[in-house]
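**Q** For reference, the chains in residue letters:
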Amino acid sequence: MSELWYELEPFLQQGTLGLVNGAFYAILSLGLAVIFGMLNVVNFAHGAQFMLGAFVAWMLLNWAGIGYWGALVLAPLLVGLLGVVIERTMIARLYKLDHLYGLLLTFGLALIIEGTMRNAFGSSGLPYQVPEAFRIPPVDLGYMLMPAYRFWIVVVSLVVCLGTWYAIEKTKLGSYLRAAVERPQLVQAFGINVPLMMTATYGAGVALAAFAGVLAAPVYSVNPAMGANFIIIVFAVVVIGGMGSILGSIVTGYILGVIEGFTRVFYPEASATVVFVIMAIVLLVRPTGLFGRA
Amino acid sequence: MLHVRGLEAWYGESHVLHGVNLEVAEGEVVTLLGRNGAGKSTTIKAIMGVLDSRKGSIRFQGTETIALPPDRIARLGIAWCPEERGIFASLTVKENLLLPPVIAPGGVALDRIYALFPNLKERLSSQGTKLSGGEQQMLAIARIMRTGAKLLLLDEPTEGLAPVIIQQIGRTIRALKEAGLTVLLVEQNFRFAQRLADRHYVMEDGRIVDMIPAAGLEANMDRLHAYLGV
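These protein sequences, in sequence, are chains Y and U. Each residue of the first sequence is one higher than the last, beginning at 64 in this note's numbering. Each residue of the second sequence is one higher than the last, beginning at 1467 in this note's numbering.
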């Protein structure tokens, strides 16, 4: 028993830490899935918007004296608002064209946002302290001690992901959203302002990315490339989960974080690439993704 | 109630409607008859505003709607039941039924809808597209009856359905007429249309080519057969 435990313990520990990365994968791929489902746009600017969330949190703290809790609410609102402006002035013009145009536009936006931030703040990264409330002893899980802030990330991401899932799958507003994903024209012919819904959906997806950015600020350094590093993996997560599936993107996000953690135990060199290996296998076996519909 | 004048419409590059003129008075049931491809469904879609490109004049209760988006047109009191029925797979039967917002008072109450379509009441929590074709058609009609819309555009509601269900839909349309609603009906099934409608418009090649009142139908049967090629 104790020997088996000795074997298992590192997996449990690394798997649990992997949940922290998984939390970010889940929130980010959820936002991408919601945006793709409703707007048919692959939002390549998602990583840049995540990074903006972290930077806005830093600016709020250093320029306005607004701390972590204020930033957790304000940064998603501000960056979400920027998303609304982007959708109205740019993305809305592309709906009648092929997906590819939306992808190119948002990719260009990501480059512009990242370049601007690099010019303004340099690429070395800015510090953001772990908030006061979490400078407490780690949480004892029995098999490991988990830093309180990381524990918080996992809990709050679960709440946000499940809340978003509930709002989409179980509420009246969510039924409009699901219906509009299937037949936007008919939903609009029922008297619902579908273009407004699309704007709001993009804003909400971008706000989710920014929320993840604020969560990330105290654990990763706040730097212009932080989104680009994440987003490549998140796209792999979305491909594995299946484009447009809400629950699929959430579950896949956490699972892949955990798998990365496991990989760190038995073959650490592969932990950065295991997601892409899984993506390749899933694409070969189930091209629509694990939860995707054809 | 509805005045369509010189309506032209396009699907992409192809010019489908070439100056459609028609009128529907309040409380009437009017059909659009014609062969496949004559432009009947396109006329309905153009009235609903869901085509990319249309020209001419469509006035509904005095309001010009040619430049309005579909959600504004719906809010004026027009509701559409599309040919493909448009039941949402990701919504339950109940969510499908309650999806269209109520736009005016005077819609048919849910109890009455359940009385007209008892099958739906039994399957409220099923996935919308798990219903049979006939049940899906009932759901598609039922959900626009609740909204208080005054003019219903029904596109081939009997297509591909069993006779007993066609009768049920016929009873429903009669009940709607008795409730004072106005119906513009596209129908291939002439025998079905014949029993319900006050007037029949005949379409050919994107134009209205004739109008036959129900009373004059017997006398004009040969003419109609020639149009429809039956």
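FYI, nobody ran anything at the bench for these hints, they're computed from the structure. Computed from a predicted structure; not experimentally measured. Every residue gets a Cβ at the ideal spot worked out from N, C-alpha and C, and that includes glycine. Be careful, since some hints might not be right.
So, partial list: chain U residues that the calculated Cβ filter (under 8 Å) puts toward chain Y [unchecked claim]: (1) Glu-1479; (2) Gly-1493; (3) Met-1514; (4) Leu-1534; (5) Pro-1535; (6) Pro-1536; (7) Trp-1546; (8) Gly-1552; (9) Ala-1555; (10) Ser-1556; (11) Pro-1566; (12) Pro-1567; (13) Ile-1569; (14) Glu-1588; (15) Arg-1640.
**Q** Run the structure past the numbered hints and jot down the numbers of the failing ones, going up.
**A** 1, 2, 4, 14, 15
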